[in-house]
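**Q** Assembling the complex is the task here: the two chains are given apart, and the hints tell you how they should meet.
Keeping their order, the protein sequence lines are chains A and B. Numbered per my numbering, the first sequence spans residues 1 to 166. Numbered per my numbering, the second sequence spans residues 1 to 374.
Honestly, the hints are just simulated from the structure, not real lab data. These numbers were taken from a predicted model, which means no experiment stands behind them. Heads up, a few of these hints could be off.
[Said to hold, decoys possible] Short derived list, chain B residues pointing at chain A, Cβ under 7 Å:
{"hint": "1", "residue": "LEU144"}
{"hint": "2", "residue": "VAL152"}
{"hint": "3", "residue": "THR216"}
[Claimed, not checked] Below, in silico cross-link-like pairs of lysine-lysine (DSS-like), each with a Cα-Cα straight-line distance of 25 Å or less:
{"hint": "4", "chain 1": "B", "residue 1": "LYS205", "chain 2": "A", "residue 2": "LYS47"}
{"hint": "5", "chain 1": "B", "residue 1": "LYS118", "chain 2": "B", "residue 2": "LYS71"}
{"hint": "6", "chain 1": "B", "residue 1": "LYS205", "chain 2": "A", "residue 2": "LYS33"}
{"hint": "7", "chain 1": "B", "residue 1": "LYS177", "chain 2": "A", "residue 2": "LYS29"}
[What the hints assert, rightly or not] Some chain B residues well away from chain A (every beta-carbon gap over 12 Å; in silico):
{"hint": "8", "residue": "ASP145"}
{"hint": "9", "residue": "GLU196"}
{"hint": "10", "residue": "LEU246"}
{"hint": "11", "residue": "ALA286"}
{"hint": "12", "residue": "SER313"}
{"hint": "13", "residue": "MET321"}
No residue lacks a Cβ here, since even glycine has one placed at the ideal position from N, Cα and C.
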Amino acid sequence: METLLNDFSPGLFAMQTVLLLGLIFLLVKFAWKPILNSLNDREEGIKNALESAENAKKEMQNLKANNEQLLKEARAERDALLKEAREIKESIISDAKEEAKEVAQTLIENAQASIQQEKQAALSELKHQVAELSIGIAETVIKKELSIKEDQLELVQGLLEDVTLK
Amino acid sequence: MKIVLNSIRFFVIIATALFATTVYAGGGNKNDKDGGQVSSAEEVKEYILHHVKDSHDFTLWSYTNDEGERKHVGFPLPIILWTSNGLVTFMSSEFHHNDDGHVVVEKKGLRFAKIHSKIYELEPGASEIKFDESHHATNAHKVLDFSITKSVFGIFLVGILMFIWFRGLARQYKKKKIPTGFARILEPLVLYVRDEIARPNIGEKHYRRFTGYLLTVFFFIWILNLLGLTPLGFNVTGQIAVTAALAVFTLIIYLFSGNKSFWGHILWMPGVPVLIRPILAVIELAGTLLIKPFSLLVRLFANISAGHIVVMSLIGIMITMKASMGAVGSTLLAFVLSFFITLIEVLVAFLQAFIFTMLSALFIGMAVEEHDHH
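Chain B extracted, bound-state conformation (with noise of 0.2 Å):
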């Protein structure tokens, strides 16, 4: 009974969400690139690029409607910049959906383009967008950019929904031994990553200290890499700078609780002959400072990104093929690819949490390992 009470509230609040979304109109710009229908190799390849990117705006469908006005169905997500005057902020509808540039908005005296989800501030006095060649702006320069992106709006939804859902664990064994309902669920994940990544690789004494960071870490990026194969299209630990944040906080970790052994390892190796000590300090600092946290943050971020490109791709064989298989058989043959690609996205999703998390787990524990054989 309980389980269908939660169940009609969480489709409650589902609809109430859908609905709270606001459609509006797209600019009126004719030749705006990102309205209309994506129908060539070229727009599939164009519309693919742009959703590997972190976009400022929240939208979950588009349309044209009778008049031929481009609606998107979504919501704005607040813009907030620190630009050579100080914070700006304003709600990213103002860009009309226009991500090449030709909507200027003026605020504080200053004038922003947006081109490719990078928000640009135009030198004084300039009032439209010039490009080179390759298509570079060339009077405007980027912006330090805070805003409440898609991708941080991904952040802190997983991060709301994993403080709802372990707290709501924790809270259960005050009452009782055995968590019920969707706890239950949680308790042996949580089991898990303690017991087979925690444990063995940190070493038993310890691993303790570690486990809070590794646990948000792993679900962390486990939710969100599944949030990314919902039609609600977030990429986020596809986004680099998100990847290279937490490849940075294992790093700080290891390098702030690594022992007077692991110092001295990477440092003045023990057990070499000593002219060959120097050499060994470099290839040891910069495998700890770089090449570990590098490939942390690269081995997520390709595997996601590619993940989004080739179940998109896919999904594209619709349109790409349709002229030579008909309606029927591209979409039949897009959905039988994609289905497949994605049940294995799902399995990279977990994987991808795991390796991460295991790696980290890896790093810190050679940090703190004791060597008691010198």
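Next comes chain A alone, as it looks inside the complex (with noise of 0.2 Å):
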């Protein structure tokens, strides 16, 4: 302890406060606090690019949710668009085809009772004809035969039994 305190120098140590002192002046305002201040704003640069590129990632995420959402819509509705359209050939079609039928059934309709008018004309006038024709023939006979009774009966006879027999 004694060496201890014989070598303790009261002027060097004096000297190295005085120093120190000096030097902690100096450093702190040509150097420490530059320094440090650098560093601070350098560290805050970087957790705000940091920050700044989170939220830019965060962005681009909602984005493409965004994105694909509208697309689901616009397939969404292309879909609609193309089941309606099914729907509104699919009803055409069968619209056509049940006016179609109808329009068939009608001409089947009208040909088949112009065809009966037809026949029915055409029966009349035959019936017209034969009857014209067998007065004719009536009157050629009569004219020609009346003269024989006998004849007269066989022929009368023969007229009523192809008649009836119609």
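**A** In structure tokens form, the structure reads like this:
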């Protein structure tokens, strides 16, 4: 302890105190303050950059999600449109078929009706002609054969038979 | 290319410095204890003890020339004394490397002698120093010595180095975000002190105020510790006056930044019986005012001094074991041992700087800590 105290030099202590004080003052003013400020600024800058990158990433994700949503909606709309179109097509086709059937039906009916009419007309024409013919035949036969009584009877008989047979 | 230029410049400076050092003769005194070769265990011990102390001139090496004269290569340093007759200054070369009080320098009507790196003022009328049996000077007293000793020179050197380096680092930030060159090595060290020492020990809120001091002290101690390992032979952080000044700085800082709760916990400890509080106050005061700074100053001083003594003792093996092992064997042994211990000392140099700064930060942190739970 005594040698320790003997080794202690008050002069050196004073010099060290003064020099260290000066050194601290100079370094704080010219070195530490600007260094620490710059380091802080740099760290803030890095932090901000990281944060904005994170934000940009999030935004991108949002955008992507939005896009997907839009795409999905568009697809759904397209599907709906296609479905509707198909339905319309089908209904048009079936309507057309129905109508065509109806038209055909009426056409057939008309045709049948007119055929019937024609037939009726033809039949009545035929009957008329047959009657006229028969009258003509009957005239000629009567003119020629009515002189003989048996023949007359026979003829009438024959005629009647024919008529009834019909 | 820049690095090459820088290193060339560095070597030119070193070479100029070496050429500028003067070779000057030691005192003609034949029984000069300081001169001569170191060749026995006793002389090795003396040499080591002499080295560990501060010195008034900067000697790089010494040799004896053909005429048997002792030559010292180095340069003298100014001696600045506060004596009974006011300020006295002269160059240390006037003592002619004498360290046992035999060379008396007369200035301003006063006589001075240097004994074991301490400068004594002789009593009026005395022309030669007289010693008692325990080798204490009887007719002289110590003076206040503000000389630029080797340690003060080292402090200046480190101060200038630190200013150049860190001013350079600070300047680089004006131009670029990331420093280049040597400053690139300094930046992580600054960050290390800030993030590993200041911030965790003092706390996020207050650390900024004290970081400047902690950075200064950390680099100051570390660079001086490392300088102490070079053949320049500085032993600044092994001077108890230097470590004491550093510890006093920390003491003053934490005393003046201590908040109410810090003083409350020292003087009137809450949560213990009232009768015990005064006793605790005494213990706490002793701890805060004496034990903490004392532990700081002794730890640094003892570690660095011990390191120097161990390294030099191991080098001394070269001389002390020469008789039993031969020149080659003892030199080899001394080299291997001192090589490895020097590696450890490089680690210790950092470690002691770190511990001093760390504990300073811790003590400051305790003083500014806020107790929310009361």
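**Q** Run every hint past the structure and note whether it holds.
**A** Each hint, compared with the structure:
1. Below 7 Å, beta-carbon pairs count as interface contacts, and LEU144/B has one with chain A at about 5 Å; its hint therefore holds.
2. Residue-level restraint check for VAL152/B holds (minimum Cβ-Cβ distance to chain A is 5 Å; threshold 7 Å).
3. Interface restraint check for THR216/B: the shortest CB-CB distance to chain A comes to about 5 Å, inside 7 Å, so the restraint holds.
4. Straight-line distance between C-alpha atoms of LYS205/B and LYS47/A comes to about 19 Å, which keeps the hinted pair within the 25 Å bound.
5. Taking the CA atoms of LYS118/B and LYS71/B, the gap is near 22 Å; set against the 25 Å cutoff, the hint holds.
6. Between LYS205/B and LYS33/A the CA atoms are separated by roughly 17 Å; this keeps the pair inside 25 Å, and the hint holds.
7. For the hint linking LYS177/B to LYS29/A, the alpha-carbon distance of about 20 Å falls within 25 Å, and the restraint holds.
8. Annotated as non-interface, ASP145/B brings its C-beta within 12 Å of a C-beta of chain A; the closest such distance is 4 Å.
9. Once the 12 Å rule is applied to beta carbons, GLU196/B is consistent with being away from chain A; the minimum gap is 14 Å.
10. A beta-carbon of chain A comes within 12 Å of the beta-carbon of LEU246/B; the shortest separation is about 7 Å.
11. A cut-off of 12 Å between C-beta atoms confirms that ALA286/B is not in contact with chain A; the least separation is 18 Å.
12. Look at SER313/B: its CB is around 18 Å from the nearest CB on chain A, clear of 12 Å, so calling it non-interface holds up.
13. Annotated as non-interface, MET321/B keeps its C-beta farther than 12 Å from every C-beta of chain A; the closest such distance is 28 Å.
The structure does not agree with the numbered hints 8, 10 stated previously, though it agrees with the rest.
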